[in-house]
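Given chain A's structure and the hints, the job is docking chain B onto it.
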Amino acid sequence: MAYKDEQLSEEKVFKDPVHRYIHVKDRVIWDLIATPEFQRLRRIKQLGTTNLTFHGAEHSRFNHSLGVYEIVRRIIYNFRDRPHWNEEKRLLSLCAALLHDLGHGPFSHSFEKVFKLDHEQFTQDIILGDTYIHDILERVAPGFSQDVADVIAKTYSDQLVVSLISSQIDADRMDYLQRDAYFTGVSYGHFDMERILRVMRPIEDQVVIKATGMHAVEDYIMSRYQMYWQVYFHPVTRSAEVILSKIFKRVRHLYDIGYTFKVAPTHFMSFFKGKADLDAYLKLDEAIVYYYFQVWQDEDDAILSDLCERFMNRRLFKYIEFNPNKQMEAWMELHALFRETGIDPDYYLVVDSSSDLPYDFYRPGEEEERLPIHLLMPTGDLKELSRQSDIVESISGKKRTDHKLYFPMDMLDQADHSETLLRIKNILNGQGAVTDAE
Amino acid sequence: MLSNHVKLMQFFSDIKVVAGRKKLQKMIYILQACGVPFEEKFAFHKFGPYSEELSLRMEELCNLGFITEDKMEKSNYVQYQYTMTSDGVAFLEQFPLDMPDLHPYVELLQGKSSRFLELVATMLYFQDLSRHEVQQKVHIVKPKQKYNDKEFAEAWSLIDKLVQ
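Those protein sequence lines, which keep their order, are chains A and B.
Under this note's numbering, the first sequence has 36 at position 36, and the numbering climbs by one with no breaks.
Under this note's numbering, the second sequence has 75 at position 75, and the numbering climbs by one with no breaks.
The following block holds chain A by itself, in its conformation from the complex (with noise of 0.2 Å):
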């Protein structure tokens, strides 16, 4: 039997707190979850630093892949008599769901902002490279690894396959809204899942959703807003990611000015040079850099020794509301009256806007935009959601945009009572409240 057909002797199946249970039949699949490149998941957190704010996200990449491979096997079970759907695509689309997130990497938002890396890039070269999950694939069929990466691209010429995997409502979405919601622990993030996958109809090159079903669709666009404001962006999160990025960015300064480093940071040495390798960055997991967070506190430089400790024991910046178009002036103040007191603005005063955390809202697509959802009306036309739904059309018209002013307050405190730390405060509290970050 040809190794693309091969199926395991007995079905597999992964105990899932979300989907009860993950099912693995295919020999192919049963491999690409075994190979280095896939385990190395289980060491990357789905959410990053939202476990300072939701200490039960610690759920990895890992759980993420193989929820969405779940997804994705069983919209392919449902489609798999209806026309429009080739069912020799069905391994390709198992595999490019499971294999989607493969070149993530820890803290992955913050990491590739200061080093200019794309996580997308390294999914293409650890599918496309030497690697165990290329010889897999390759074993498929020569040029399946190929096909595999251009789904995930989303430059694939099915753009039916491409879209169970990538558009307004996929099983990646699908997945990740239920498992942070399980998670975090909140009560959003819900929405019937099994509905949606019944009324999912394959048409042409992509999915659409049968009318019936709108009503939980709008659920489902509902959690994603919902999720949006209440785990994802959560200002506690934002102040841990702000406080990251500052270490990335000091630890970067640190090496380009030829700075001693106690413990040398041996794993970011190719980040570092601009030269990261494919083996650097498969090495590279959250031990890692939990380890060097941890010795960097040691370090005689007193920024990055301080960062490192706010982060480790959740020391975190505090904020206020900041408006750049009313409050210009007051930030460009701060500025110059933090660097007056020896507290370096470019870590400590930071302004973080709602776009450096992008979060894909349902867009109607106006313009040819982006791909809406549409839904399958009786009469076999394909209407646009929020034309038919009042609900998803308020939500799509909703200002979604916010500005942050993070700062340490603790350090503030800390300091002489001088005039210049009177006039920070004042300014400070006079543009609104200051919150914790707790």
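Please keep in mind that the hints were generated in silico from the structure rather than gathered at the bench.
Note that the structure is predicted; figures quoted are calculated from it, not measured.
C-beta atoms are modelled at their ideal positions from N, C-alpha and C, and glycine is treated no differently.
No false leads were slipped in.
Listed below are the simulated DSSO-like cross-link pairs for lysine-lysine, each with C-alpha atoms no more than 30 Å apart in a straight line:
| id | chain 1 | residue 1 | chain 2 | residue 2 |
| --- | --- | --- | --- | --- |
| 1 | A | Lys210 | B | Lys46 |
| 2 | B | Lys144 | A | Lys210 |
| 3 | B | Lys146 | A | Lys383 |
| 4 | A | Lys154 | B | Lys142 |
| 5 | B | Lys46 | A | Lys154 |
| 6 | B | Lys16 | A | Lys326 |
| 7 | B | Lys144 | A | Lys154 |
| 8 | A | Lys275 | B | Lys137 |
| 9 | A | Lys326 | B | Lys71 |
| 10 | B | Lys74 | A | Lys383 |
| 11 | B | Lys137 | A | Lys154 |
| 12 | B | Lys161 | A | Lys116 |
| 13 | B | Lys41 | A | Lys275 |
| 14 | B | Lys142 | A | Lys383 |
| 15 | A | Lys113 | B | Lys41 |
| 16 | B | Lys41 | A | Lys283 |
| 17 | A | Lys113 | B | Lys46 |
| 18 | B | Lys74 | A | Lys210 |
| 19 | A | Lys89 | B | Lys144 |
| 20 | A | Lys4 | B | Lys46 |
| 21 | B | Lys41 | A | Lys273 |
Going by beta-carbon spacing under 7 Å, a handful of chain A positions derived as facing chain B:
| id | residue |
| --- | --- |
| 22 | Ser157 |
| 23 | Arg370 |
| 24 | Thr401 |
Relative to chain A, chain B alone:
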């Protein structure tokens, strides 16, 4: 500090008006592909390179009152038109940023249709491939657009001018 917002406003101070969200997305992607240091992250979508970061940043600029978004009703669709406000101009004056001169690029892109900009952006997305492979790839990922040889020739000509 808001430097990515300032970069976008610098673009608006040059182009004055952008009619259409899709057009804006493709213009910023094309400029980024030509080395202009916009930092928005783009991914490939059904209609070519798209950045959620850019969409959100534009919302921020509109909510801050630096850019206005006007909804224009067209025959069978809605188009959004973006222009910089006086508050935006004042903000930009406070934040001079070291950016390459965008004017030569803007001149080349202004007046092009969103369909054409989608083609150019998509071709640049696959710029690591040979020219022949790029065209093949465009036909694969955009079969419904049915781009013809004349459009490809125009797109190559524009790309050559942009990367000069």
